[in-house]
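Number of protein chains: 2
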Amino acid sequence: METEYETRPREAIARILRAEPRFFSAAELCARLDESGTPVSRATVYRTLERLAAKGEAALRLNDRGEATFMFCDSGHHHHAICRSCGRVEDVACGALDSFVDRLRSLHGFQLDDHSLEFHGKCRSCV
Amino acid sequence: METEYETRPREAIARILRAEPRFFSAAELCARLDESGTPVSRATVYRTLERLAAKGEAALRLNDRGEATFMFCDSGHHHHAICRSCGRVEDVACGALDSFVDRLRSLHGFQLDDHSLEFHGKCRSCV
DNA sequence: AAGGATTTTGAGACTCTGTCTCAAAATCAG
DNA sequence: CTGATTTTGAGACAGAGTCTCAAAATCCTT
Ligand SMILES: [Zn+2]
Ligand SMILES: [Zn+2]
Ligand SMILES: [Zn+2]
Ligand SMILES: [Zn+2]
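Chains as they are written, first to last, in the working numbering: chain A, 4 to 130; chain B, 4 to 130.
Calculated from the structure, these hints are not laboratory results.
Bear in mind the structure is a predicted one, so any value in this text is a computation, not a measurement.
A virtual CB, placed ideally from N, CA and C, is assigned to each residue, including glycine.
Taking lysine to aspartate or glutamate and the EDC-like style, the derived pairs with C-alpha atoms no more than 20 angstroms apart in a straight line are: (1) B:Lys125 x A:Asp116; (2) B:Lys58 x A:Asp67; (3) B:Lys58 x B:Asp77; (4) A:Lys125 x A:Asp67; (5) A:Lys125 x A:Asp94; (6) B:Lys125 x A:Asp117; (7) A:Lys125 x B:Asp117; (8) B:Lys125 x A:Asp105; (9) B:Lys125 x A:Asp101; (10) A:Lys58 x A:Asp77; (11) B:Lys58 x B:Glu5; (12) B:Lys58 x B:Glu9; (13) A:Lys125 x B:Asp101.
Some but not every residue of chain A turned toward chain B, in silico, with C-beta under 7 angstroms: (14) Ala84; (15) Gly112; (16) Phe113; (17) Cys126.
Turn these sequences into a full structure, and let the hints steer you where they fit.
Below, the structure is given as C-alpha cells:
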C-alpha cells in the first residue's frame with residue numbers, strides 16, 4: 004500500500020498557502036515557516052509543493068527570475084490576473100481564444116493543443 | 004563616447020540565432036559555438052544575449068525549467084506559437100483580448116496594463 | 001500503550017544557471 | 001603603428017533546486 008500521512012510540515016505549508024490568493028516561492032515559504040515557529044527544511048518544502056502541484060491542488064508559476072512559485076488554485080482550466088504591487092491573483096475564465104486557434108491553423112498549419120495566458124496590472128486596492 | 008565594436012563572438016552568436024526561428028538557451032549556444040569552432044565564454048554569451056534583448060532585437064523567454072532562452076524576433080507586440088517537438092516558433096499577431104480586459108475591469112476592478120500569451124502544439128512539419 | 005512496518009523529514013553535499021571581477025586581448029580611430 | 005576604449009575569458013561566487021540516507025514521525029495492529 005501507499006498511505007499518505009498527515010504531518011506537521013504539510014499542514015503548516017497548507018495553512019500559509021490557504022491564507023492568501025497569491026504565488027509563494029519556496030524561499031518565501033521557508034521564511035514564513037521559520038517566523039511562524041514551525042520551521043520546515045527546503046527539501047520538504049519543495050517535495051510538498053511538487054506533490055500539491057501533481058495532485059492539481061496548487062498552480063505552479065515561474066516568476067520573472069525563473070523561480071518556481073505556487074498558489075492554491077482551482078484545478079480546471081483558467082488564467083490569472085496578477086497585481087504588480089501586492090501580488091494578489093484573480094482567476095479569469097478562459098474564452099475568446101478561438102480566433103487565434105483558427106488563424107494559426109489556416110495560416111501556418113499549426114495544430115494547437117495548449118496555451119498559457121496571464122494578465123498583469125493593478126488590483127482594485129492598489130490602483 | 005561609447006562606441007560599439009564588432010567582434011567575433013557577437014557575430015558567431017548572431018549567426019546561430021539567425022539560422023533558426025526558435026529559442027536557444029545560453030548553454031545550448033555555448034555548445035553550438037564550441038562545435039562550430041568559435042568557442043565563446045559563458046559570460047560573453049550572457050552579456051551578448053542580454054544586450055540583444057535590451058536593444059529589442061531578441062526575445063527573452065523562460066522555458067519550463069526556468070532557464071532563460073533567446074530568439075531573434077520582431078520588436079513590436081505579438082505572441083508566439085511554439086512547436087512541442089521541434090521548437091519552431093511562429094509569430095502570432097495580438098488581438099481579441101478585449102473581452103478579457105472588459106471582464107476583468109467590471110468584475111474585479113482590475114486595471115490591466117500588460118499580458119503574456121503563448122501557444123503550444125505541433126507545427127506543420129511535426130504533426 | 002507498545003511494537004513495528006511504512007512514510008516522511010532534515011542536514012548537507014551536490015548540480016546547474018547565472019553574475020561578477022579584473023587582468024589580458026581585441027577593436028578601432030588617428 | 002599607437003594608444004584610448006571596449007570586450008573577453010577564467011574562475012570565483014551566489015542562489016535555486018535535487019538527491020541521499022539515517023533519524024524521526026505517523027499510523028496500524030495487537
Ligand atoms: Zn487560479
Ligand atoms: Zn485558456
Ligand atoms: Zn516573435
Ligand atoms: Zn498581446
